[in-house]
Amino acid sequence: MTDFLLELRSEEIPARMQDRAREDLAKLFTAEIAKSGLTASEIVTYATPRRLTLIARGLPVETAAVSEETKGPKASAPPQALEGFLRKTGLTREQLVERDGVLFAVVDKPGRATSAVLAEAIPAIIRAFPWPKAMRWGASSTTMESLRWVRPLQGIVALFGDTVVPVEIAGVQAGAATVGHRFHHPGVITIGSADDYVEKLRACHVIVDQAERRQIIALGATMAARKAGLELVQDEGLLTENAGLTEWPVPLLGRFDAAFLSVPPEVIQLTARVNQKYFVCRGADGALANAFVCTANIDAADGGAKIVEGNRKVLAARLSDAKFFYETDLKVPLEEQATKLDRIVFHEKLGTVADKVARVAKLAKWLVEEGIVSSPSPRSRGEGRGEGESASSDALDIPAQPLSPTLSPEGERENLAALAERAALLCKADLVTGMVGEFPELQGLMGGYYAAAQGQDPRVAAAIRDHYKPVGQGDDVPTDPVTVAVSLADKLDTLVGFFAAGLPPTGSKDPFALRRATIAIISQVIEGQFRLPLSTVVAASAAIHASQFVYWENEFHKGDDAEPRHARARLAHFDQEYDWTKGNHTESAIERKIGGSFISYYEWDGEPDFIEFAKYLVFDRSVDGLLDFFADRLKVQQREAGVRHDLIDAVFALGGEDDLVRLLARVHALQAFIGTEDGVNLLAGYKRAANILKKEGVSLSPLKGRGRRNRQRLRSRWRSIRLSLPLPPRWRARISKPRWRRSPRCALRSMRFLKA
Amino acid sequence: MAFARRNAWLNFPPRCAKARGVTQPLSFQRMILTLHEYWSQHGCLILQPYDMEMGAGTFHPATTLRALGPETWNAAFVQPCRRPTDGRYGENPNRLQHYYQYQVILKPSPPDLQALYLGSLAAIGIDPLVHDIRFVEDDWESPTLGAWGLGWEVWCDGMEVTQFTYFQQMGGYDMKPVAGELTYGLERLAMYIQNKDSVYDLAFNDAGVSYGDVFHENEVEMSTWNFEVADTDSLFDQFKKHVAECENCLGKQLPIPAYEQAIKASHIFNLLQARGVISVAERQAYMGRVRDLAKGACGAWIAHNTAKWEARFPGWAA
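Taken in order, these protein sequences are the chains called W and U. Residues 212 to 967 in the numbering used here are what the first sequence spells out, letter by letter. Residues 12 to 329 in the numbering used here are what the second sequence spells out, letter by letter.
I should point out that these hints are in silico values taken from the structure, not numbers from a laboratory. Accuracy of the hints is not assured; some may be wrong.
27 Å max Cα-Cα, derived DSS-like pairs, lysine-lysine [to be verified]:
#, chain 1, residue 1, chain 2, residue 2
1, U, Lys263, U, Lys306
2, W, Lys320, W, Lys438
3, W, Lys438, W, Lys517
4, W, Lys524, U, Lys251
5, W, Lys438, W, Lys344
6, W, Lys846, W, Lys720
7, U, Lys319, U, Lys306
8, U, Lys306, W, Lys517
9, W, Lys320, W, Lys282
10, W, Lys488, U, Lys263
11, W, Lys344, U, Lys207
12, W, Lys320, W, Lys246
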């Protein structure tokens, strides 16, 4: 048994690709040698910025001899068939073996030297390597067929035991020589075998093992912080990244000007992390300290003083930019920032962000005014709840917020609606601030800071801060009604808009993160137990879209020169022939589609007919698909929460329910019932009834048509089922209730989905 | 002495500036001269700046056009860059609407390009055993040139000092062979070497003239013009005319004049953006327009030269 060492040395491999590359290397290697029947007893992989290494232990010196048998034609087969088989195998008739009248070609393959197998495997691995992005380089790149690698490949070490595996690929000859640290040890070093690889490189200032580098950074950074009386803010991602950027990591602590601490801590942390890959530290009081830890790749001659000083300067420049942005942004009221949102296109078919904000504000206000989103008080809860949902009542016990005693319920609602509208109008204003321009990740958060600093209502500031939430599983789900109204409105508007524009997610493609938005809506509705009649809400949002669309159209046709450019740009996408260079806009697609008459008829605050109009106009194809989409997401979400999906299917099959809370209450009630003795009996009975009917050739699929005869047939079928069920009298009485009698189809359908 | 110094640089890796006995940090102009000297020693043509406004050294035809095709091409030059939207009226110590890039283009990319580059850093006085030099992933893309490449931004003690790119495509055409491009941010490097916090405090020469003395007034006036004064109707008009002229040149199979018109259109577009008269929606359309022009010029350049290239490089095909 012998060990094999493979080192693929290249120019700096991006840190984010290294872990994946190690996995791929092990996978490809295992697959390649398995083709010759080889397996290694252990495979270890390492990655540094400049090398990707694999050590395979316990390989045999040669592969086992194998005898391969190929089945051929029958001995009695026509000569053409035999000839073909001989040609394929390269044997003669005499060499074939006959068994039971069938010819077999038996080829004995002697064992091969493992190093020969490896010599074939290495180029195959290199050529097939699945880098996320690969490149060509150098003189050989005059053709597109030249070797591709993540960055130029510089050298290969391939040692089987202590002998070099003779391989050459793209002019790179495998050998035993590699290089040490780029600056500490630029010369060539010769590796003896897999056993001395790690240690020899360590002597040349290269820590090959990424886990060890991680540990050095983690420990060094923590110790450096502790020495300064601080606590390091742990960051696993940064550890990995810095380990991927260094071969000889040396964490160094530096200080920045404490004046920068007036900037929100998230900003400082993000600046340090994203731009510079520094750790930050906390003081004893838990607040962010004016210190950073950078990770150098050298043991500097001066102990790192110059490096720290240089990094401090860069960070200072970054932070002073951030501070400048923060202070400048603070001086501009969010209301004023919001007016600039018409410069940002949300989506070419859905207008600018300003347009979106206008829609979201309307929808958020509407959600509160309709009582769909309300303060969580036990009283308003009770009103909205339907009958027969006692099963879910436990889930409704959310601590109620104290209501302001001076406000009547109507006053409270009005107040809430005003807050929600205000928050919605300002919620995207931070997108045009300098800070969010620099760090898009801070959207929302900065708006919250600015709103609070500018004296907005704290609930408005909180809503601006949190309205993107929840952004993933495990993220906080907002519960404050103002935040929820804005958050729901924002996501609903996005969903309805993209469905209306004919851009729903397809397959694995979901470029506008609509699935995430839907899940976010669902989890908020469930968390807050809001009674959200989906189809109504969706229609309302569609109507808002439509009314705004007509508004644009009006503006455009007014010929008002104030904003012709904008109106034109917004409308351009609806007209394929529209060409901005030609300025040809006499006939827009809209005019062709609906004729001129609608345009002046509908106004911004339209009539109730708007819902129909919304469907009629550009939004005709969308809304039904959206409800199905919701149902799918709900199923996925519930399945992940551990609910049997046939139960969900059963409740969905009832149809006509678009209240998520009630729907889920039914699912839970059904789940609880199935678990009882009655439930088990019912299922058994259903199964029996279904079998009887099947024997009689009666289908359980819903009857088509609505005629009287159909109804009678259905009713009699239902009766026969009811009577055949071996149910306890109590339960039989229950399903014989008028309500069930009247809609046997529903009862049947809902039962059909239950797996006995 | 000068001769001895030059000879020393022929030995690789070169000794750093300090080891050569240079104690004073290089002035801005000496840094440029040093880089010229270094790259000239390593076989580069030393070209002069292109006499047109452009947003980056990559726009220089010595990069864009010469990067295409199979011929060997090694050149180094300084290129003034104009980015009107980056103007800060001379008030920001780090941002300028007019600054210098030092551009090196090597085709095909030599196998020791990284070592050559590090040699140039040592030549201008950056010792890699005192300063932390790192190659951090940064994939470069120029939407207006239809070009992209893979490479790094080179960090020196956490500061990005150079863009290091292996071009993979230019003008939408695959590079055959691949060229390596180095773009040094000269002001940043100089600020680093001279340990200055403001670009305007840089020593331009060794006789007390600062960068601010030379360029501050220029920044103030040009920022004012870019942001407030430039006549937008005239600019829109010029854009259209350059587009038309580019198409005219392309029709006459004149790739170089066509490319010049594309550069002009690109700069006019940048000015219009600084004036804030191009909406976000239109921006893409304008950029697409410039890209089409640049791609057209690159295509024409290839078409113009293919016969010659194929004759001189058997087996090469566009």
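| query | Taking 27 Å as the top limit, are the C-alpha atoms of lysine 344/W and lysine 207/U close enough? | reply | Answer violated: lysine 344/W to lysine 207/U is near 38 Å, above 27 Å.
| field | Given pair status - lysine 306/U, lysine 263/U, alpha carbons within 27 Å | value | Answer holds: lysine 263/U to lysine 306/U is near 16 Å, not above 27 Å.
| task | Decide if the proposed pair is consistent with the structure: lysine 306/U and lysine 517/W, CA atoms, cutoff 27 Å inclusive. | result | Violated, because 45 Å separates the two Cα atoms, which is more than 27 Å.
| query | If you draw a straight line from the CA of lysine 320/W to the CA of lysine 438/W, is it 27 Å or shorter? | reply | Distance of about 66 Å is beyond 27 Å: violated.
| query | Taking 27 Å as the top limit, are the C-alpha atoms of lysine 524/W and lysine 251/U close enough? | reply | 45 Å, violated
| task | Decide if the proposed pair is consistent with the structure: lysine 319/U and lysine 306/U, CA atoms, cutoff 27 Å inclusive. | result | 20 Å, holds
| Is the Cα-Cα distance between lysine 488/W and lysine 263/U 27 Å or less? | With a Cα-Cα distance of about 52 Å, the restraint between lysine 488/W and lysine 263/U is violated, given a limit of 27 Å.
| Under the criterion that the straight-line Cα-Cα distance not exceed 27 Å, is the pair lysine 320/W, lysine 246/W satisfied? | Cα-Cα ~13 Å, so holds.
| Within a Cα-Cα threshold of 27 Å, do lysine 438/W and lysine 517/W meet the stated pairing? | 20 Å, holds
| message | Need the status of pair lysine 320/W, lysine 282/W: alpha-carbon distance at most 27 Å? | response | Judged against 27 Å, a Cα distance of about 17 Å means the pair holds.
| request: For the pair we were handed, lysine 438/W and lysine 344/W, check the Cα-Cα distance against 27 Å. | output: 42 Å, violated
| request: For the pair we were handed, lysine 846/W and lysine 720/W, check the Cα-Cα distance against 27 Å. | output: 19 Å, holds
Of the numbered hints stated above, those contradicted by the structure are hints 2, 4, 5, 8, 10 and 11, listed in ascending order.
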